[in-house]
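Residue numbering for the sequence shown follows the working numbering, beginning at 42 and increasing consecutively.
Possibly wrong hints are sitting among the right ones.
[As the list claims (entries may be wrong)] Calculated lysine-lysine pairs in the DSS-like style (CA-CA distance at most 30 Å, straight line):
| no. | residue 1 | residue 2 |
| --- | --- | --- |
| 1 | K381 | K103 |
| 2 | K385 | K65 |
| 3 | K569 | K597 |
| 4 | K529 | K402 |
| 5 | K874 | K842 |
| 6 | K676 | K693 |
| 7 | K529 | K400 |
| 8 | K402 | K569 |
| 9 | K696 | K569 |
| 10 | K529 | K374 |
| 11 | K605 | K356 |
| 12 | K807 | K772 |
| 13 | K772 | K717 |
| 14 | K605 | K569 |
| 15 | K560 | K65 |
| 16 | K103 | K400 |
| 17 | K874 | K65 |
| 18 | K772 | K213 |
| 19 | K260 | K286 |
| 20 | K374 | K356 |
| 21 | K560 | K605 |
| 22 | K693 | K560 |
| 23 | K560 | K696 |
| 24 | K374 | K402 |
| 25 | K717 | K693 |
| 26 | K772 | K220 |
[What the hints assert, rightly or not] Derived DEER-like restraints, expressed as beta-carbon distance ranges:
| no. | residue 1 | residue 2 | range |
| --- | --- | --- | --- |
| 27 | E862 | G793 | 50 to 60 Å |
| 28 | K66 | E574 | 47 to 57 Å |
| 29 | G723 | E671 | 45 to 55 Å |
Since the hints were made in silico from the structure, they are not lab data. Backbone N, C-alpha and C define an ideal beta-carbon position, used for all residues, glycine too.
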Amino acid sequence: MEVRQVEVAEKKKSQEGHEIRIMKKFAVKVEDGREGRDGQPSLGPVYRNPLAEHAFPPYDPKLSTAWDIFRVSVERYPGNRMLGWREFVDGKFGPYVWKTYKEVYEEVLLVGSALRASGIEPGSRVGIYGSNCPQWIVAMEACSAHSLVCVPLYDTLVIVSFTSLTEEEKNKAATIGVKPYTWNEFLHMGTEYPSEPLSPEKCNICTIMYTSGTSGEPKGVILTHENIATYIRGVDLFMEQFEDKMTVNDVYISFLPLAHILDRMIEEYFFHKGASVGFYHGDMDALRDDLMELQPTFLAGVPRVLERMHEGVLKALEELNPRRRKIFDVLYKYKLHWMKLGYKQKNASPLADLLAFGKVKARLGGRLRLIVSGGAPLGSEVEEFLRVTSCAFVLQGYGLTETCGLATLGFPDEMGMLGTVGSAFVYTELRLEEVPEMGYNPLADPPRGEVCDIGEMLPDGVLRIIDRKKNLIKLSQGEYVAVEYLEKVYGITPIIWVYGDSFKSKLVAVVVPHEENTKRWALQNGHKGSFSELCTLNQLQDHILLELKSTAERNKLRGFEHVKGVILEPRPFDQEKDLVTPTLKKRRDKLRTCYKVFGEILVKDVTTWNAFILGYMDLGLTVEAQRAFEMMPEKNIISWTTLVNGYITNWKLDKARSVFDEMSNRNVVSWTAMIKGYVQHGRFLDALELFSVMLDSGTPPNHFTFSSVLDACAGCSSILVGSQVHSCILKSGIPLDVILLTSLIDMYAKCGDIEAAFCIFESMTKKNLVSWNSMIGGYARHGLATTALDEFESMTEGGVKPDHVTFINVLSACAHGGLVEEGERHFNSMGTKYGIQARREHYACMVDLYGRAGQLEKAEKLIEGMPFKPDEVVWGALLGACGLHSSLAVGEFAARGLQDLEQDHPAVYSMLSKIHGEKGVWSNVTETRKMMKANRAKKQKAGSWIESASDVS
42 MEVRQVEVAE
52 KKKSQEGHEI
62 RIMKKFAVKV
72 EDGREGRDGQ
82 PSLGPVYRNP
92 LAEHAFPPYD
102 PKLSTAWDIF
112 RVSVERYPGN
122 RMLGWREFVD
132 GKFGPYVWKT
142 YKEVYEEVLL
152 VGSALRASGI
162 EPGSRVGIYG
172 SNCPQWIVAM
182 EACSAHSLVC
192 VPLYDTLVIV
202 SFTSLTEEEK
212 NKAATIGVKP
222 YTWNEFLHMG
232 TEYPSEPLSP
242 EKCNICTIMY
252 TSGTSGEPKG
262 VILTHENIAT
272 YIRGVDLFME
282 QFEDKMTVND
292 VYISFLPLAH
302 ILDRMIEEYF
312 FHKGASVGFY
322 HGDMDALRDD
332 LMELQPTFLA
342 GVPRVLERMH
352 EGVLKALEEL
362 NPRRRKIFDV
372 LYKYKLHWMK
382 LGYKQKNASP
392 LADLLAFGKV
402 KARLGGRLRL
412 IVSGGAPLGS
422 EVEEFLRVTS
432 CAFVLQGYGL
442 TETCGLATLG
452 FPDEMGMLGT
462 VGSAFVYTEL
472 RLEEVPEMGY
482 NPLADPPRGE
492 VCDIGEMLPD
502 GVLRIIDRKK
512 NLIKLSQGEY
522 VAVEYLEKVY
532 GITPIIWVYG
542 DSFKSKLVAV
552 VVPHEENTKR
562 WALQNGHKGS
572 FSELCTLNQL
582 QDHILLELKS
592 TAERNKLRGF
602 EHVKGVILEP
612 RPFDQEKDLV
622 TPTLKKRRDK
632 LRTCYKVFGE
642 ILVKDVTTWN
652 AFILGYMDLG
662 LTVEAQRAFE
672 MMPEKNIISW
682 TTLVNGYITN
692 WKLDKARSVF
702 DEMSNRNVVS
712 WTAMIKGYVQ
722 HGRFLDALEL
732 FSVMLDSGTP
742 PNHFTFSSVL
752 DACAGCSSIL
762 VGSQVHSCIL
772 KSGIPLDVIL
782 LTSLIDMYAK
792 CGDIEAAFCI
802 FESMTKKNLV
812 SWNSMIGGYA
822 RHGLATTALD
832 EFESMTEGGV
842 KPDHVTFINV
852 LSACAHGGLV
862 EEGERHFNSM
872 GTKYGIQARR
882 EHYACMVDLY
892 GRAGQLEKAE
902 KLIEGMPFKP
912 DEVVWGALLG
922 ACGLHSSLAV
932 GEFAARGLQD
942 LEQDHPAVYS
952 MLSKIHGEKG
962 VWSNVTETRK
972 MMKANRAKKQ
982 KAGSWIESAS
992 DVS
């Protein structure tokens, strides 16, 4: 591109005939700065774009509103592709499907008419929720067509479908006085009640655009139609300066939220030029797939998105052999050298582009011409890399929602603007304001001050953002630290968050290391484990601290800007949606809350540490809990037990046992936690073995220990061991409370001695609901249906209210006893009499009841009428009944349901084969067995517990 700036020349001749270089000027000063007086801050000079040196350029009278911009484009480019999206077909996203400008316009008229038919008058505010899609744009343009105020909100606040609503969602909306429509219903309403557009005036409000809430609650910014039109005019004038022009063939990929000003205004300009916008399919991690399919020419992103691209290319380079990496490095330096000398990127080294960088361009779709970064400053290293390797123009911009996203903008092919956000935009005035408490003076050299953020004005009129003012922190010794600037400097890791406050004298950081580099370091230093496990190593923390120190010294950071402590986080912040905004800016208040503990590590006592480990375990963050455990300055037995319990809760039983075995001291709580963990995970023999070890260690069990051990005996049907444990309890002198007695009832009932269970139950002076449930369940399992129902009646007559477990036992008893009418009566009484909503387990019992009685039609009808999707237990009950009664039709119905849930379940094939055989359909038996063999589904082996005098197996 060539800049046609009249007042700027790069070279001129001196009087002596020598050629001298003249600095380019990208902004002009239109007002001098002035010193502050009477407590007011000093103000720097006012700068404008050279195109507005004497006055701002006149507006285009034909395009004064957002509706004008769209309407005129439809007239000019009716058949051009306007909006594209990918449809989900056959389990995957297909190619882009497009609507033309004319098709979108017709839909806009229908939606606008529907809005008016709904009673919405001009000037009313219309909220738009949802992720980027064609319907979003149609709704936006419909608002402009009828002088309505479009109020976009981030789809992270609420999720609303542009296509359809479930009946439950419709009913819920109705209860709060909201009338919901599907998109198609709304279009139909517009057809039924057409309404002519009511064009807005330029002074009318076009949109109330909410900020993303980087540092707090979002705020609404009012933008008029004139604001939008002025932005469009400014970009037109700016683009006229350059040789390369935008065409109707340009394509923009939209993935930043449309509720964000940057994406919204870029799309407005693309519509103005008759170009195309394609929407990503909704998964940022799969954005490359959309790039390859869409092949865009323009990409706008926030720094984190571009950093991901940078990381992706670097990762691909690491997979090359050393010789090819060396060639890439040589070509990179060669092209960069010529670009710094002033050559355009496309002319700097065509050979390097052909041999190396064309492959990078291909990774981005192959047609990319322009990359713009906004939202926050982009690191110079990433910007330089993309300028050299993407074969596209790369530049940065800066602005606010209030300025329609543009206050400054960089120039293409200007390497002097590397690391800056460009100069004043066409319709912008720019000046710095003093921040005296931080030592920033716009009249000093270099001129620095506040321009919403903290900026530095360079001699050529270009602005560099040093940091966000709200991200400046003051340490305890009074030093101010620009944390966002430091995060860019410490860019050796993909993601870093620096933290400090006025009560501390040192900075700490949460670092997400580069995974491949970490694994390479581990291999070189003899460490093994997953990436998450490596991040818990103190040696890796020390290594990264040394790297950060080296970086600080290399960049001449002051001592108080050195990071003194790090926490290694294996998961990027952007995977924790509450820690970043929709545009991937760090939510520093949320990060501070999440990681506050790390800033206070030196003053934490053991109780706080234990609570911290427990909190991590409750959230399922086992690696973080382990890391915190290892960082504890001291540990007590509660610390160890908390860690053991946490691993058990998160289904990591072997890891829990490993930690348990490392304990030098154990108490009854520790032993009981591990034994109970084995029982909860069905490892009953391990629980009994550990109980034996506990007794040998001399640690006396308590009633919680005995309760867990009795549950283990019940689980493996070991009445011999259970009786011995019962004897142990009596000898220990521990009072037989309701917990122990209930466990004894459950153990004896499940081990086959229902009479012993009944004797203990009758001996109880106080029975609770669990006791009754155990006894009723025991009778049900032993086929004593009438006795079970009698106990149920006794329970309810005694004033004990049943729960869902009670009814599972009652219905199971009815099923085993063939008591269909009794089962139906109890099933119906759950809701009508006791207010208990039937669950899948209750429906499974009823299916089993009908199935055993041969009433398969009732069972099938019950399944079809269930308020939720049947699971494998329900289908299994029906399939088993079909096998019992040789019902082929219902059996195939049950088999289809089971296969939808568990493909190739061996029970399906076995039962179908049995039913076909009993019906004499031997061809189908053969076919079923062939399918079973083809799908490698093996018949499950039967098994049972066998107890000898000394063993259970």
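Hints versus structure:
1. K381 - K103: violated (42 Å)
2. K385 - K65: At roughly 16 Å apart (the allowed maximum being 30 Å), K65 and K385 satisfy the hint.
3. K569 - K597: Distance of about 35 Å is beyond 30 Å: violated.
4. K529 - K402: Measuring from Cα to Cα gives roughly 25 Å; hence the hint holds.
5. K874 - K842: Measuring from Cα to Cα gives roughly 11 Å; hence the hint holds.
6. K676 - K693: holds (21 Å)
7. K529 - K400: Roughly 27 Å between the alpha carbons, so the hint for K529 and K400 holds.
8. K402 - K569: violated (36 Å)
9. K696 - K569: Distance ~16 Å between K696 and K569 Cα, so the pair holds.
10. K529 - K374: holds (22 Å)
11. K605 - K356: Distance ~29 Å between K605 and K356 Cα, so the pair holds.
12. K807 - K772: Measuring from Cα to Cα gives roughly 22 Å; hence the hint holds.
13. K772 - K717: holds (22 Å)
14. K605 - K569: At roughly 26 Å apart (the allowed maximum being 30 Å), K569 and K605 satisfy the hint.
15. K560 - K65: violated (47 Å)
16. K103 - K400: violated (44 Å)
17. K874 - K65: Since the Cα atoms of K874 and K65 sit roughly 86 Å apart, the hinted pair is violated (cutoff 30 Å).
18. K772 - K213: The given pair, whose Cα atoms are some 60 Å apart, is violated under the 30 Å limit.
19. K260 - K286: violated (36 Å)
20. K374 - K356: With Cα atoms ~19 Å apart, K374 and K356 stay inside 30 Å; holds.
21. K560 - K605: Holds, at roughly 24 Å.
22. K693 - K560: holds (24 Å)
23. K560 - K696: Holds, at roughly 22 Å.
24. K374 - K402: holds (18 Å)
25. K717 - K693: Holds. K717 to K693 sits at ~14 Å (cutoff 30 Å).
26. K772 - K220: This hinted pair is violated, its Cα atoms lying about 70 Å apart.
27. E862 - G793: 50 to 60 Å: At roughly 30 Å between Cβ atoms, G793 and E862 fall outside 50 to 60 Å, so the hint is violated.
28. K66 - E574: 47 to 57 Å: holds (56 Å)
29. G723 - E671: 45 to 55 Å: Check failed, 30 Å falls outside 45 to 55 Å.
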